[in-house]
Amino acid sequence: MTDREMKLKSVYLRKSLLKYIYKAKAGHTGGSLSCTDILNVLYNRVLNVDPKNFKNPDRDRYIQSKGHCVEALFVTLANRGFFPESDLETLCQYQSHYIGHPTKKVNGVEQNTGALGHGLPICVGEAIAAKLDNKTHRVFTLLGDGELPEGSNWEAFLSAYHYKLDNLYAILDYNKQQITGSNEEVMNTGSVRDKLETFGWSVKEVDGHDLKELEAALNNGPFETGKPNFIVAHTVKGKGVSYMEGNIKWHHGVPSQEEYELAQSELTEAEAEI
Amino acid sequence: MQLDKIHEKDLKMGIANQVVFSKTLEELAANDKAILAVTSDSRGSGKLVPFAERYPKQIVEVGIAEQNLVGVAAGLASAGKKAFAVSPACFLSARALEQIKNDVAYSDNPVKLIAISAGVSYGALGTTHHSLHDYAALRSINNMTIVAPADNFETEHAVRKAVEFKKPIYLRLGKKPMPFLNEADQSFEFGKGRVVREGEDLAIIANGETVYPAWLAAKALEEEHGIKTTVVSMHTIKPLDTNLLEDIAVNGRPILTVEEHMVNGGLGEACASFLFQNRYKNPFKIVGIPDEYTVTGSQVEIFNHYGISGSGLKESALELINSKK
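Just so you know, the protein sequences line up as chains D and C, in that order. Position 107 (the first sequence) corresponds to 107 in my numbering; numbering is contiguous. One gets my numbering by counting positions in the second sequence from 1 and adding 274 to each.
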């Protein structure tokens, strides 16, 4: 896939996730848009996963800790061939497998997540198991910045350092906003980089919407032998839709018909410019 | 129990069930490198120091961090490891409850949750260290098997079966030496209660470390009053052996339940729920820890205080039988 096709795919994924959120009248719009590029790069340039043989024990693991942004995950998985995208027509509907958080009932989903602070500890277990078995696959998680205050994350940060898990990659979708307001207002985490480095992780900061930067960081690890990898991906909540960008209303806001059409036309314009 | 010595002629004394766990795991781990003990600075209380010395690559220490303990164990289990997450029941079943609910049960990762020093094993250390809520909490989580073995035989077999068990399981163990309760019956299956004594006049349904006092009460009832009592080790509280419950209830005999757990939501209420909904009208009483903070004392003192003893259960049984008349 060319770099241009990758950029077009990001726009497509944004249009697609908006379509299903609009149809379901539910979803985490802003956060899904902020992590779309990360997921695009993961599934199309980084992860060794096969939709036809997902359970291959040597596959790379991706466990989405910020499970509420499942819409970005579902459209990315569908686009990668894990299931027909039309399945998402049933998102959040009675008896659908496509619920508002990742579920293993959907091909391609590793773990049932959604409660925050759960993804990283599971990844630590997966990464320890890989080391014990001398396997070379890697383990990835995507953290939301709003979930950083969960204590279980810090328990896991300690253990990943202790076990020298350089096969583990934690990506922070750092859009700096959460449901009530900015991270700084709600719970000021200060410098995430400093904290993680103090915890013994090797940290890189990237533009979380620059596909090349993301790919370079995620495919050139470990950053330091014997240290777990932390990627601070600077992102914009609501990325790609002008009126949503940086507006906390869209944390789980659902667009009206007029807003939806405006968003789609903006994304179509962006597509034309690529 | 004060009566331990008196009955040594009847019952062979064993060791603590949680020691049986660690010895059995150590034996099995020799030929199964997928077995991992995951500990939260709990290898000492879990009697796993010899295991750790013998298999340094099969112990994963996470420090005092129970949420991470269970999350990491879920990841290990997901990767195909036979992960035994070992921690005191009080912390494991409360501090890490959301990890048990989501990462183990809901995600269906077959972690073996080993809840040590359960119930009031820690005695005078007090409520922070008691687990009197764990049956109630875990019974209401789907995809969870809950087992409280009574004696060393049941514990050993529970551990052996847990190794190959493909579903999440919570194994609740105490730290007091337990006698062997029915050496004639060598069968053990999850979900199948074990009859350790038979009699048609009354039934006492117990589990874990309360089966022994139930046995003592049954013996005294027979010797002193000619009352013949069935005693069941209902080691698996979920799924409950409802076939056995029906077999017991069908002749109308009074049924007494006893557990090292608050009466709310435990073994007794599980039995009552089944029996009542199936139109059984047997006289019925639940003995356990009432809805209060326990008195200060050792496990035996707390047991005696709340009637979880040979003499206490005998009195409860007599009251129940008399209430029928």
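Keep in mind the hints are simulated off the structure, nothing from the lab. It is possible that some hints are incorrect.
Unchecked claim - PhoX-like mimics (lysine-lysine), calculated; alpha carbons at most 20 angstroms apart, straight line: (1) Lys375/C x Lys55/D; (2) Lys450/C x Lys55/D; (3) Lys435/C x Lys307/C; (4) Lys441/C x Lys502/C; (5) Lys331/C x Lys164/D; (6) Lys104/D x Lys375/C.
Only a predicted model underlies this, so the values are computations on that prediction, with no experimental measurement involved.
Comparing the hints with the structure gives:
1. A distance of roughly 23 angstroms separates the Cα atoms of Lys375/C and Lys55/D; the hinted pair therefore is violated under the 20 angstroms criterion.
2. Restraint check: the Cα-Cα separation between Lys450/C and Lys55/D comes to about 43 angstroms, which exceeds 20 angstroms; the hinted pair is violated.
3. Between the alpha carbons of Lys435/C and Lys307/C the distance comes to roughly 16 angstroms, so the proposed pair stays at or under 20 angstroms and holds.
4. In summary, the hint linking Lys441/C to Lys502/C is not supported, as the alpha carbons are separated by about 38 angstroms, beyond the 20 angstroms threshold.
5. Of the supplied pair hints, the one linking Lys331/C and Lys164/D holds, its CA atoms being roughly 15 angstroms apart against a limit of 20 angstroms.
6. Distance hint between Lys104/D and Lys375/C is fulfilled; the C-alpha atoms sit about 15 angstroms from each other, no more than 20 angstroms.
Taken one by one, the earlier hints fail for this structure at numbers 1, 2 and 4, listed in ascending order.
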